[in-house]
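Undergrad: Sequence:
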Amino acid sequence: MSLVRSLRSIGNGKLYFQNGHNDNSSLSTSMYSKNARGIMYATKSSSTDSYDPKYLLESPSPSEELLNTSPTDVLGNPFHQRHSSSFHPSRDYNQASYDSGDFVNQSPDSSEYNDGRVTMKLQELERVLFDDNEIEGDDVFARGETMDIDDEWINQIRTELLQESPKESTSADSNISSSSSYKEISVSAPQTPKQMLFSCAAAIQDGHIEQASSMINELRQMVSIQGDPLERTAAYMVEALAARMATSGRGLYKALKCKEATSSERLSAMQVLFEVCPYFRFGFMAANGAILEAFKDEKRVHIIDFDVNQGSQYYTLLQTLASMPGRSPHVRLTAVDDPESVQRAIGGLNVIGLRLAELAKDLKISFEFQAVSSNTGLVTPAMLNCRPGEAVLVNFAFQLHHMPDESVSTVNQRDQLLRMVKSLNPKLVTVVEQDMNTNTAPFLQRFAEVYNYYCVVFESLDATLSRDSQERVNVERQCLARDIINIVACEGLERIERYEVAGKWRARMMMAGFTPSPISRNVYDSIRNLIKQYSERYKAEEEAGALYFGWEDKTLTVASAWR
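At position 402 of the sequence shown the residue is numbered 402 (the UniProt record's numbering), and the sequence of numbers has no breaks.
There's no promise every hint is true.
[What the hints assert, rightly or not] With a cut-off of at most 25 Å between alpha-carbon atoms, the simulated DSS-like pairs for lysine-lysine come out as follows: (1) Lys299 <-> Lys427; (2) Lys364 <-> Lys296; (3) Lys296 <-> Lys427; (4) Lys361 <-> Lys299; (5) Lys364 <-> Lys299; (6) Lys296 <-> Lys361.
These aren't lab readings, by the way, just hints derived from the structure by calculation.
All chains should be built: construct the whole structure from the sequences, respecting the hints.
TA: Printed below as a string of C-alpha coordinates:
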(Lines of atoms letter the chains of each structure in order from A and count residues from 1; the text may use other names and numbers.)
(Lines give C-alpha, C1' and ligand atoms only; values in the text may rest on other atoms or scores of the structure.)
Protein backbone atom coordinates (compact mmCIF):
# COMPACT_ATOMS: atom_id res chain seq x y z
CA MET A 1 0.00 0.00 0.00
CA SER A 2 1.29 3.41 -0.90
CA LEU A 3 2.36 5.56 2.01
CA VAL A 4 1.57 8.73 0.11
CA ARG A 5 -2.02 9.84 -0.35
CA SER A 6 -3.84 12.85 -1.73
CA LEU A 7 -5.20 15.75 0.18
CA ARG A 8 -8.40 15.98 -1.80
CA SER A 9 -10.41 16.65 1.36
CA ILE A 10 -8.26 19.69 2.01
CA GLY A 11 -8.40 21.44 -1.34
CA ASN A 12 -8.08 21.27 -5.07
CA GLY A 13 -4.36 20.91 -5.29
CA LYS A 14 -2.27 20.40 -8.38
CA LEU A 15 0.65 18.11 -8.93
CA TYR A 16 3.50 19.41 -11.04
CA PHE A 17 4.98 16.99 -13.53
CA GLN A 18 7.49 17.36 -16.30
CA ASN A 19 6.38 20.01 -18.78
CA GLY A 20 3.85 18.59 -21.18
CA HIS A 21 2.88 15.67 -18.96
CA ASN A 22 -0.78 15.41 -18.05
CA ASP A 23 -1.69 13.31 -15.08
CA ASN A 24 -4.88 13.02 -13.09
CA SER A 25 -3.28 11.35 -10.12
CA SER A 26 -4.78 12.26 -6.79
CA LEU A 27 -1.34 12.93 -5.29
CA SER A 28 -0.92 16.52 -4.23
CA THR A 29 0.77 18.67 -1.66
CA SER A 30 -1.56 21.64 -1.88
CA MET A 31 -2.67 21.95 1.69
CA TYR A 32 -5.46 24.47 1.98
CA SER A 33 -8.86 24.93 0.43
CA LYS A 34 -10.23 28.35 -0.30
CA ASN A 35 -12.44 28.20 2.70
CA ALA A 36 -9.77 27.09 5.14
CA ARG A 37 -9.10 29.28 8.20
CA GLY A 38 36.67 40.29 4.13
CA ILE A 39 36.40 39.20 4.08
CA MET A 40 34.78 42.55 3.63
CA TYR A 41 32.13 41.88 6.17
CA ALA A 42 30.71 43.53 9.26
CA THR A 43 28.89 40.91 11.29
CA LYS A 44 26.54 43.28 13.05
CA SER A 45 25.54 45.34 10.08
CA SER A 46 22.21 44.80 8.39
CA SER A 47 22.05 48.11 6.64
CA THR A 48 20.97 48.12 3.04
CA ASP A 49 21.64 51.78 2.42
CA SER A 50 24.40 51.04 -0.07
CA TYR A 51 22.61 48.14 -1.68
CA ASP A 52 19.21 48.30 -3.31
CA PRO A 53 17.63 44.81 -3.28
CA LYS A 54 14.45 45.91 -5.01
CA TYR A 55 14.66 43.27 -7.72
CA LEU A 56 14.55 40.57 -5.04
CA LEU A 57 11.75 42.03 -2.96
CA GLU A 58 9.21 42.96 -5.61
CA SER A 59 7.05 40.53 -7.55
CA PRO A 60 6.77 41.74 -11.16
CA SER A 61 5.42 39.61 -13.91
CA PRO A 62 7.86 37.21 -15.57
CA SER A 63 8.12 39.45 -18.60
CA GLU A 64 9.21 42.47 -16.63
CA GLU A 65 12.88 43.23 -16.26
CA LEU A 66 14.03 42.95 -12.68
CA LEU A 67 16.40 45.88 -12.80
CA ASN A 68 17.21 48.60 -10.37
CA THR A 69 19.98 51.13 -10.49
CA SER A 70 21.94 51.47 -7.28
CA PRO A 71 23.83 54.61 -6.31
CA THR A 72 27.08 52.74 -5.75
CA ASP A 73 29.59 51.04 -7.99
CA VAL A 74 29.01 47.89 -6.07
CA LEU A 75 25.50 47.57 -7.40
CA GLY A 76 25.53 49.08 -10.83
CA ASN A 77 22.66 47.81 -12.94
CA PRO A 78 21.40 44.41 -11.78
CA PHE A 79 20.39 41.73 -14.24
CA HIS A 80 20.40 42.65 -17.88
CA GLN A 81 18.11 40.71 -20.20
CA ARG A 82 20.85 40.10 -22.70
CA HIS A 83 21.80 36.46 -22.22
CA SER A 84 25.31 35.19 -22.05
CA SER A 85 26.77 32.39 -24.07
CA SER A 86 25.75 29.10 -22.55
CA PHE A 87 27.93 27.29 -20.11
CA HIS A 88 27.49 23.87 -18.61
CA PRO A 89 27.19 22.72 -15.01
CA SER A 90 29.59 20.42 -13.34
CA ARG A 91 28.58 16.77 -13.32
CA ASP A 92 31.51 15.28 -11.44
CA TYR A 93 30.15 15.86 -7.97
CA ASN A 94 31.72 14.77 -4.74
CA GLN A 95 29.93 14.00 -1.50
CA ALA A 96 31.32 13.09 1.86
CA SER A 97 30.29 9.92 3.63
CA TYR A 98 31.10 8.47 6.99
CA ASP A 99 32.08 5.10 8.31
CA SER A 100 30.11 4.47 11.48
CA GLY A 101 32.79 2.15 12.81
CA ASP A 102 34.93 5.10 13.85
CA PHE A 103 32.60 6.05 16.66
CA VAL A 104 31.81 4.47 20.00
CA ASN A 105 28.14 5.07 20.80
CA GLN A 106 27.07 6.05 24.23
CA SER A 107 23.54 7.01 25.15
CA PRO A 108 23.62 10.07 27.39
CA ASP A 109 21.64 10.04 30.54
CA SER A 110 18.60 12.32 30.44
CA SER A 111 19.86 14.32 33.37
CA GLU A 112 23.17 15.05 31.65
CA TYR A 113 22.17 15.98 28.11
CA ASN A 114 22.93 19.66 28.64
CA ASP A 115 25.99 19.20 30.86
CA GLY A 116 28.67 21.67 29.80
CA ARG A 117 31.45 19.23 30.71
CA VAL A 118 32.09 17.33 27.51
CA THR A 119 34.21 14.20 27.69
CA MET A 120 37.55 13.92 25.95
CA LYS A 121 36.06 11.50 23.43
CA LEU A 122 33.26 13.90 22.57
CA GLN A 123 35.76 16.70 22.04
CA GLU A 124 37.74 14.48 19.73
CA LEU A 125 34.62 13.61 17.74
CA GLU A 126 33.60 17.24 17.42
CA ARG A 127 37.07 18.08 16.11
CA VAL A 128 36.51 15.41 13.47
CA LEU A 129 33.20 17.00 12.59
CA PHE A 130 34.80 20.41 12.37
CA ASP A 131 37.35 19.16 9.84
CA ASP A 132 35.53 18.58 6.54
CA ASN A 133 38.43 16.65 5.07
CA GLU A 134 38.16 13.95 7.74
CA ILE A 135 34.91 12.57 6.35
CA GLU A 136 35.19 11.52 2.75
CA GLY A 137 33.47 9.13 0.40
CA ASP A 138 31.48 8.64 -2.78
CA ASP A 139 28.33 10.29 -4.01
CA VAL A 140 25.43 7.89 -4.30
CA PHE A 141 24.66 8.94 -7.87
CA ALA A 142 28.12 9.81 -9.15
CA ARG A 143 31.37 8.15 -8.20
CA GLY A 144 34.29 10.51 -8.31
CA GLU A 145 37.47 11.47 -6.52
CA THR A 146 37.13 13.03 -3.13
CA MET A 147 37.97 16.66 -2.50
CA ASP A 148 41.52 17.36 -1.39
CA ILE A 149 42.52 20.99 -1.58
CA ASP A 150 46.25 21.55 -1.52
CA ASP A 151 48.74 23.82 -3.23
CA GLU A 152 49.36 21.47 -6.15
CA TRP A 153 45.66 21.12 -6.78
CA ILE A 154 45.12 24.89 -6.57
CA ASN A 155 47.82 25.39 -9.21
CA GLN A 156 46.08 22.91 -11.49
CA ILE A 157 42.81 24.80 -11.09
CA ARG A 158 44.51 28.08 -11.87
CA THR A 159 45.99 26.61 -15.05
CA GLU A 160 42.62 25.22 -16.06
CA LEU A 161 40.88 28.55 -15.56
CA LEU A 162 43.52 30.30 -17.66
CA GLN A 163 43.01 28.03 -20.63
CA GLU A 164 41.08 29.55 -23.52
CA SER A 165 38.60 26.74 -23.94
CA PRO A 166 34.93 26.98 -24.92
CA LYS A 167 34.19 24.17 -22.48
CA GLU A 168 34.17 24.79 -18.77
CA SER A 169 35.57 22.43 -16.20
CA THR A 170 33.38 19.48 -15.27
CA SER A 171 34.83 19.07 -11.80
CA ALA A 172 32.90 20.42 -8.86
CA ASP A 173 36.14 21.35 -7.20
CA SER A 174 37.57 23.11 -10.23
CA ASN A 175 35.40 26.13 -9.56
CA ILE A 176 37.79 27.18 -6.81
CA SER A 177 40.76 29.15 -8.05
CA SER A 178 43.68 30.72 -6.27
CA SER A 179 43.20 34.14 -4.74
CA SER A 180 45.27 35.75 -7.49
CA SER A 181 43.63 34.04 -10.47
CA TYR A 182 41.21 36.91 -11.06
CA LYS A 183 44.16 39.18 -11.92
CA GLU A 184 45.78 36.71 -14.28
CA ILE A 185 42.61 35.78 -16.12
CA SER A 186 41.49 39.35 -16.59
CA VAL A 187 44.52 40.18 -18.72
CA SER A 188 44.98 36.89 -20.56
CA ALA A 189 41.65 36.07 -22.17
CA PRO A 190 37.91 36.85 -22.12
CA GLN A 191 36.17 34.98 -19.37
CA THR A 192 32.96 33.01 -19.39
CA PRO A 193 30.33 34.13 -16.87
CA LYS A 194 31.26 31.21 -14.64
CA GLN A 195 34.96 32.04 -14.70
CA MET A 196 34.31 35.70 -13.98
CA LEU A 197 31.91 34.77 -11.16
CA PHE A 198 34.59 32.75 -9.40
CA SER A 199 37.24 35.37 -10.12
CA CYS A 200 34.97 37.92 -8.47
CA ALA A 201 34.56 35.72 -5.40
CA ALA A 202 38.34 35.36 -5.18
CA ALA A 203 38.79 39.14 -5.49
CA ILE A 204 36.36 39.72 -2.63
CA GLN A 205 38.15 37.07 -0.60
CA ASP A 206 41.40 39.04 -1.05
CA GLY A 207 39.75 42.38 -0.31
CA HIS A 208 40.17 43.76 -3.84
CA ILE A 209 36.83 45.54 -3.80
CA GLU A 210 37.42 47.80 -6.80
CA GLN A 211 38.17 44.88 -9.09
CA ALA A 212 35.27 42.88 -7.68
CA SER A 213 32.88 45.79 -8.16
CA SER A 214 33.95 46.11 -11.79
CA MET A 215 33.39 42.40 -12.38
CA ILE A 216 29.95 42.54 -10.74
CA ASN A 217 28.89 45.33 -13.08
CA GLU A 218 30.15 43.37 -16.06
CA LEU A 219 28.47 40.16 -14.92
CA ARG A 220 25.14 41.94 -14.66
CA GLN A 221 25.32 42.55 -18.39
CA MET A 222 25.97 38.86 -19.06
CA VAL A 223 23.40 37.01 -16.93
CA SER A 224 19.68 37.30 -16.26
CA ILE A 225 17.14 35.73 -13.91
CA GLN A 226 15.05 35.11 -17.03
CA GLY A 227 17.77 33.04 -18.66
CA ASP A 228 18.70 29.36 -18.64
CA PRO A 229 19.32 27.55 -15.33
CA LEU A 230 23.03 28.37 -15.20
CA GLU A 231 22.43 31.99 -16.03
CA ARG A 232 19.79 32.30 -13.35
CA THR A 233 22.06 30.68 -10.76
CA ALA A 234 24.90 33.03 -11.68
CA ALA A 235 22.58 36.04 -11.60
CA TYR A 236 21.55 35.39 -8.01
CA MET A 237 25.09 34.56 -6.98
CA VAL A 238 26.30 37.88 -8.40
CA GLU A 239 23.85 39.66 -6.15
CA ALA A 240 24.95 37.52 -3.21
CA LEU A 241 28.53 38.71 -3.80
CA ALA A 242 27.32 42.30 -3.99
CA ALA A 243 25.45 41.82 -0.72
CA ARG A 244 28.60 40.41 0.87
CA MET A 245 30.53 43.51 -0.15
CA ALA A 246 27.76 45.79 1.11
CA THR A 247 27.27 43.73 4.31
CA SER A 248 23.54 43.64 3.57
CA GLY A 249 23.08 39.87 3.47
CA ARG A 250 21.29 39.68 6.83
CA GLY A 251 18.73 42.31 5.86
CA LEU A 252 18.00 40.69 2.52
CA TYR A 253 17.67 37.24 4.07
CA LYS A 254 15.04 38.50 6.49
CA ALA A 255 13.20 40.51 3.84
CA LEU A 256 12.68 37.67 1.37
CA LYS A 257 9.41 35.84 2.05
CA CYS A 258 9.94 32.15 1.46
CA LYS A 259 7.70 30.53 4.08
CA GLU A 260 4.96 33.16 4.27
CA ALA A 261 1.81 32.76 2.18
CA THR A 262 0.56 36.04 0.73
CA SER A 263 -2.94 35.08 1.84
CA SER A 264 -4.76 32.20 3.52
CA GLU A 265 -5.81 30.95 0.09
CA ARG A 266 -2.37 30.72 -1.46
CA LEU A 267 0.57 28.46 -0.94
CA SER A 268 3.82 29.99 0.22
CA ALA A 269 6.76 29.94 -2.15
CA MET A 270 8.30 27.20 -0.02
CA GLN A 271 5.23 24.99 -0.39
CA VAL A 272 5.34 25.44 -4.15
CA LEU A 273 9.04 24.56 -4.09
CA PHE A 274 8.35 21.37 -2.16
CA GLU A 275 5.59 20.48 -4.61
CA VAL A 276 7.47 21.05 -7.85
CA CYS A 277 10.78 19.54 -6.74
CA PRO A 278 10.31 15.83 -6.00
CA TYR A 279 13.59 15.50 -4.12
CA PHE A 280 12.21 17.86 -1.44
CA ARG A 281 8.75 16.36 -1.53
CA PHE A 282 9.95 12.77 -1.35
CA GLY A 283 12.09 13.63 1.65
CA PHE A 284 8.89 14.43 3.55
CA MET A 285 7.29 11.27 2.20
CA ALA A 286 10.19 9.12 3.38
CA ALA A 287 9.95 10.64 6.86
CA ASN A 288 6.19 10.07 6.93
CA GLY A 289 6.63 6.47 5.83
CA ALA A 290 9.12 5.77 8.59
CA ILE A 291 6.91 7.50 11.18
CA LEU A 292 3.79 5.57 10.13
CA GLU A 293 5.61 2.26 10.32
CA ALA A 294 6.69 3.18 13.86
CA PHE A 295 2.99 3.52 14.73
CA LYS A 296 2.62 -0.26 14.54
CA ASP A 297 1.38 -1.85 17.79
CA GLU A 298 1.18 1.56 19.48
CA LYS A 299 -1.98 2.91 21.11
CA ARG A 300 -0.65 6.41 21.73
CA VAL A 301 2.03 8.22 19.76
CA HIS A 302 3.62 11.59 20.41
CA ILE A 303 5.24 13.31 17.42
CA ILE A 304 7.60 16.20 18.20
CA ASP A 305 8.45 18.56 15.33
CA PHE A 306 10.86 21.47 15.72
CA ASP A 307 9.79 23.20 12.48
CA VAL A 308 6.27 22.24 11.47
CA ASN A 309 6.13 25.21 9.06
CA GLN A 310 2.54 25.34 7.73
CA GLY A 311 1.73 21.76 8.65
CA SER A 312 1.98 20.37 5.13
CA GLN A 313 3.69 17.13 6.12
CA TYR A 314 1.01 16.21 8.64
CA TYR A 315 -1.96 16.66 6.35
CA THR A 316 -0.53 13.87 4.24
CA LEU A 317 0.40 11.79 7.29
CA LEU A 318 -3.11 11.96 8.79
CA GLN A 319 -4.76 11.00 5.51
CA THR A 320 -2.41 8.08 5.03
CA LEU A 321 -2.99 6.94 8.60
CA ALA A 322 -6.76 7.02 8.07
CA SER A 323 -6.42 4.70 5.06
CA MET A 324 -4.41 2.06 6.90
CA PRO A 325 -6.17 -1.05 8.23
CA GLY A 326 -6.89 -1.43 11.91
CA ARG A 327 -7.59 1.12 14.60
CA SER A 328 -5.50 4.28 14.45
CA PRO A 329 -3.58 5.23 17.59
CA HIS A 330 -4.18 8.48 19.42
CA VAL A 331 -1.86 11.03 17.80
CA ARG A 332 -0.39 13.94 19.73
CA LEU A 333 1.64 16.48 17.77
CA THR A 334 3.90 18.92 19.60
CA ALA A 335 5.31 21.73 17.49
CA VAL A 336 7.92 24.23 18.63
CA ASP A 337 6.65 27.77 18.02
CA ASP A 338 9.86 29.75 17.72
CA PRO A 339 9.42 33.49 18.42
CA GLU A 340 11.03 34.22 15.04
CA SER A 341 8.74 31.84 13.12
CA VAL A 342 6.62 33.14 10.27
CA GLN A 343 3.48 31.74 11.88
CA ARG A 344 3.61 34.26 14.73
CA ALA A 345 2.24 36.98 12.45
CA ILE A 346 -0.89 34.94 11.75
CA GLY A 347 -1.62 33.74 15.26
CA GLY A 348 1.15 31.25 15.85
CA LEU A 349 1.04 27.51 15.38
CA ASN A 350 -2.32 27.23 17.11
CA VAL A 351 -3.98 28.20 13.82
CA ILE A 352 -2.23 25.30 12.11
CA GLY A 353 -3.18 23.05 15.00
CA LEU A 354 -6.85 23.91 14.56
CA ARG A 355 -6.68 23.05 10.86
CA LEU A 356 -5.04 19.72 11.60
CA ALA A 357 -7.56 18.96 14.35
CA GLU A 358 -10.40 19.69 11.95
CA LEU A 359 -8.95 17.30 9.39
CA ALA A 360 -8.36 14.60 12.01
CA LYS A 361 -11.98 14.92 13.14
CA ASP A 362 -13.19 14.41 9.56
CA LEU A 363 -10.96 11.36 9.28
CA LYS A 364 -12.11 10.02 12.66
CA ILE A 365 -8.60 10.07 14.12
CA SER A 366 -8.05 10.88 17.78
CA PHE A 367 -5.77 13.90 17.62
CA GLU A 368 -4.20 16.42 19.99
CA PHE A 369 -2.02 19.43 19.20
CA GLN A 370 0.37 21.33 21.44
CA ALA A 371 2.44 24.40 20.54
CA VAL A 372 5.57 25.09 22.60
CA SER A 373 6.56 28.76 22.53
CA SER A 374 10.33 28.72 22.76
CA ASN A 375 13.49 29.24 20.82
CA THR A 376 14.52 25.82 19.51
CA GLY A 377 17.87 25.91 21.26
CA LEU A 378 16.19 26.50 24.63
CA VAL A 379 13.65 23.66 24.52
CA THR A 380 13.89 21.26 27.45
CA PRO A 381 12.29 17.84 28.00
CA ALA A 382 9.87 19.33 30.54
CA MET A 383 8.47 21.72 27.88
CA LEU A 384 7.62 18.79 25.61
CA ASN A 385 5.46 17.13 28.27
CA CYS A 386 6.08 13.54 27.24
CA ARG A 387 3.65 11.18 28.96
CA PRO A 388 4.01 7.59 30.16
CA GLY A 389 2.70 5.00 27.76
CA GLU A 390 3.13 6.99 24.55
CA ALA A 391 5.71 6.28 21.86
CA VAL A 392 7.82 9.38 21.18
CA LEU A 393 8.72 10.13 17.56
CA VAL A 394 10.84 13.15 16.63
CA ASN A 395 10.87 14.68 13.16
CA PHE A 396 13.68 16.93 11.87
CA ALA A 397 12.68 17.83 8.31
CA PHE A 398 14.93 20.53 6.80
CA GLN A 399 15.45 22.05 10.26
CA LEU A 400 18.66 20.85 11.91
CA HIS A 401 20.91 22.80 9.54
CA HIS A 402 19.57 26.02 11.07
CA MET A 403 21.11 25.17 14.44
CA PRO A 404 24.60 26.67 14.98
CA ASP A 405 27.26 24.10 15.77
CA GLU A 406 30.78 23.94 17.20
CA SER A 407 32.16 26.03 14.33
CA VAL A 408 29.98 28.97 15.43
CA SER A 409 29.89 28.73 19.19
CA THR A 410 31.27 26.59 21.99
CA VAL A 411 27.67 26.03 23.06
CA ASN A 412 27.15 23.86 19.94
CA GLN A 413 23.35 24.02 19.85
CA ARG A 414 23.19 21.49 17.01
CA ASP A 415 24.63 18.60 18.99
CA GLN A 416 23.07 19.80 22.23
CA LEU A 417 19.62 19.53 20.65
CA LEU A 418 20.34 16.00 19.45
CA ARG A 419 21.50 14.96 22.92
CA MET A 420 18.37 16.46 24.45
CA VAL A 421 16.21 14.49 22.00
CA LYS A 422 18.12 11.33 22.81
CA SER A 423 17.30 11.83 26.49
CA LEU A 424 13.60 11.50 25.59
CA ASN A 425 14.26 7.87 24.64
CA PRO A 426 12.36 8.23 21.33
CA LYS A 427 11.17 5.21 19.40
CA LEU A 428 12.27 6.91 16.16
CA VAL A 429 13.93 10.10 14.93
CA THR A 430 13.69 11.13 11.27
CA VAL A 431 16.17 13.50 9.62
CA VAL A 432 15.70 15.07 6.17
CA GLU A 433 18.31 17.51 4.89
CA GLN A 434 19.74 19.00 1.72
CA ASP A 435 23.03 17.33 0.89
CA MET A 436 25.78 19.93 0.63
CA ASN A 437 28.46 21.43 2.84
CA THR A 438 27.83 25.10 3.54
CA ASN A 439 28.63 24.89 7.23
CA THR A 440 32.36 24.70 7.90
CA ALA A 441 33.68 24.98 4.35
CA PRO A 442 35.85 28.09 3.78
CA PHE A 443 34.37 30.84 1.63
CA LEU A 444 35.65 29.90 -1.84
CA GLN A 445 34.94 26.21 -1.38
CA ARG A 446 31.50 27.08 -0.02
CA PHE A 447 30.88 29.36 -2.99
CA ALA A 448 31.70 26.51 -5.39
CA GLU A 449 29.47 24.13 -3.44
CA VAL A 450 26.53 26.54 -3.69
CA TYR A 451 27.07 27.10 -7.39
CA ASN A 452 27.14 23.39 -8.22
CA TYR A 453 24.17 22.56 -6.03
CA TYR A 454 21.82 25.31 -7.17
CA CYS A 455 22.70 24.96 -10.85
CA VAL A 456 21.17 21.49 -10.61
CA VAL A 457 18.15 22.70 -8.63
CA PHE A 458 17.45 25.46 -11.17
CA GLU A 459 17.85 22.97 -14.00
CA SER A 460 15.36 20.57 -12.42
CA LEU A 461 12.81 23.37 -12.03
CA ASP A 462 12.73 23.75 -15.80
CA ALA A 463 11.33 20.22 -16.01
CA THR A 464 8.20 21.15 -14.07
CA LEU A 465 7.71 24.90 -14.50
CA SER A 466 7.97 26.78 -17.77
CA ARG A 467 10.54 29.52 -18.28
CA ASP A 468 7.83 32.22 -18.16
CA SER A 469 6.09 30.81 -15.07
CA GLN A 470 5.45 33.37 -12.33
CA GLU A 471 5.51 30.54 -9.78
CA ARG A 472 9.02 29.64 -10.90
CA VAL A 473 10.13 33.26 -10.55
CA ASN A 474 8.64 33.49 -7.04
CA VAL A 475 10.18 30.19 -5.91
CA GLU A 476 13.62 31.13 -7.19
CA ARG A 477 13.56 34.68 -5.87
CA GLN A 478 11.95 34.07 -2.49
CA CYS A 479 13.42 30.69 -1.53
CA LEU A 480 16.46 29.71 -3.58
CA ALA A 481 17.93 33.22 -3.83
CA ARG A 482 17.29 33.63 -0.10
CA ASP A 483 19.43 30.59 0.68
CA ILE A 484 22.14 31.62 -1.78
CA ILE A 485 22.39 35.12 -0.33
CA ASN A 486 22.60 33.87 3.25
CA ILE A 487 25.25 31.25 2.48
CA VAL A 488 27.43 33.56 0.37
CA ALA A 489 26.91 36.98 1.96
CA CYS A 490 26.75 36.15 5.67
CA GLU A 491 29.18 34.85 8.26
CA GLY A 492 29.10 33.89 11.91
CA LEU A 493 25.74 33.75 13.63
CA GLU A 494 24.14 35.58 10.72
CA ARG A 495 24.80 32.62 8.42
CA ILE A 496 21.71 30.51 9.14
CA GLU A 497 21.68 28.06 6.21
CA ARG A 498 24.44 25.73 7.41
CA TYR A 499 23.91 22.51 5.47
CA GLU A 500 26.00 19.40 5.90
CA VAL A 501 26.46 16.25 3.82
CA ALA A 502 24.93 12.92 4.80
CA GLY A 503 28.15 11.62 6.34
CA LYS A 504 28.31 14.55 8.73
CA TRP A 505 24.74 14.04 9.88
CA ARG A 506 25.43 10.36 10.37
CA ALA A 507 28.42 11.24 12.53
CA ARG A 508 26.42 13.67 14.63
CA MET A 509 23.55 11.26 15.16
CA MET A 510 25.84 8.46 16.27
CA MET A 511 27.82 10.81 18.46
CA ALA A 512 24.55 11.68 20.23
CA GLY A 513 23.92 7.97 20.86
CA PHE A 514 21.55 7.08 18.01
CA THR A 515 21.79 4.01 15.79
CA PRO A 516 20.49 3.78 12.20
CA SER A 517 16.97 2.49 11.63
CA PRO A 518 16.81 1.62 7.92
CA ILE A 519 13.84 3.05 6.03
CA SER A 520 11.79 0.10 4.78
CA ARG A 521 11.69 -1.22 1.25
CA ASN A 522 7.96 -0.54 1.18
CA VAL A 523 8.56 3.20 1.60
CA TYR A 524 11.36 3.18 -0.96
CA ASP A 525 9.30 1.31 -3.56
CA SER A 526 6.33 3.66 -3.09
CA ILE A 527 8.50 6.67 -3.78
CA ARG A 528 10.26 5.04 -6.73
CA ASN A 529 6.89 4.43 -8.36
CA LEU A 530 5.90 8.06 -7.92
CA ILE A 531 9.14 9.34 -9.42
CA LYS A 532 8.11 7.86 -12.75
CA GLN A 533 5.29 10.42 -12.91
CA TYR A 534 7.77 13.26 -13.00
CA SER A 535 10.90 12.83 -15.12
CA GLU A 536 13.36 9.99 -15.63
CA ARG A 537 16.08 12.46 -14.68
CA TYR A 538 14.94 12.43 -11.05
CA LYS A 539 16.68 9.71 -9.08
CA ALA A 540 16.13 7.82 -5.83
CA GLU A 541 18.60 5.39 -4.31
CA GLU A 542 18.93 3.51 -1.05
CA GLU A 543 22.24 3.25 0.75
CA ALA A 544 22.97 2.17 4.32
CA GLY A 545 19.27 2.39 5.17
CA ALA A 546 18.95 6.04 4.06
CA LEU A 547 17.17 7.30 0.94
CA TYR A 548 19.00 9.63 -1.43
CA PHE A 549 17.05 11.82 -3.86
CA GLY A 550 18.53 13.83 -6.69
CA TRP A 551 18.60 15.01 -10.27
CA GLU A 552 20.63 12.92 -12.70
CA ASP A 553 23.97 12.23 -10.98
CA LYS A 554 23.69 14.84 -8.21
CA THR A 555 22.38 14.03 -4.72
CA LEU A 556 20.19 16.86 -3.44
CA THR A 557 18.35 15.58 -0.36
CA VAL A 558 18.79 12.65 2.02
CA ALA A 559 16.25 11.11 4.40
CA SER A 560 17.26 8.83 7.26
CA ALA A 561 15.76 7.35 10.42
CA TRP A 562 17.36 6.66 13.80
CA ARG A 563 16.66 4.94 17.10
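Undergrad: Take the hints in turn and mark each one as holding or not.
TA: The hints, checked one at a time:
1. A threshold of 25 Å between alpha carbons decides the hint, and for Lys299 with Lys427 the separation of about 13 Å falls inside it, so the pair holds.
2. Proximity of Lys364 to Lys296 is assessed by CA-CA distance (about 18 Å); at most 25 Å being required, the pair is judged to hold.
3. The suggested pairing of Lys296 with Lys427 holds, with an alpha-carbon distance near 11 Å, which does not exceed 25 Å.
4. Among the hinted pairs, Lys361 with Lys299 is consistent with the structure: their alpha-carbon atoms are about 18 Å apart, no more than 25 Å.
5. Between Lys364 and Lys299 the CA atoms are separated by roughly 15 Å; this keeps the pair inside 25 Å, and the hint holds.
6. At roughly 21 Å between alpha-carbon atoms, Lys296 and Lys361 fall within 25 Å of each other, so this suggested pair holds.
The structure fails none of the hints (numbered hints given earlier).
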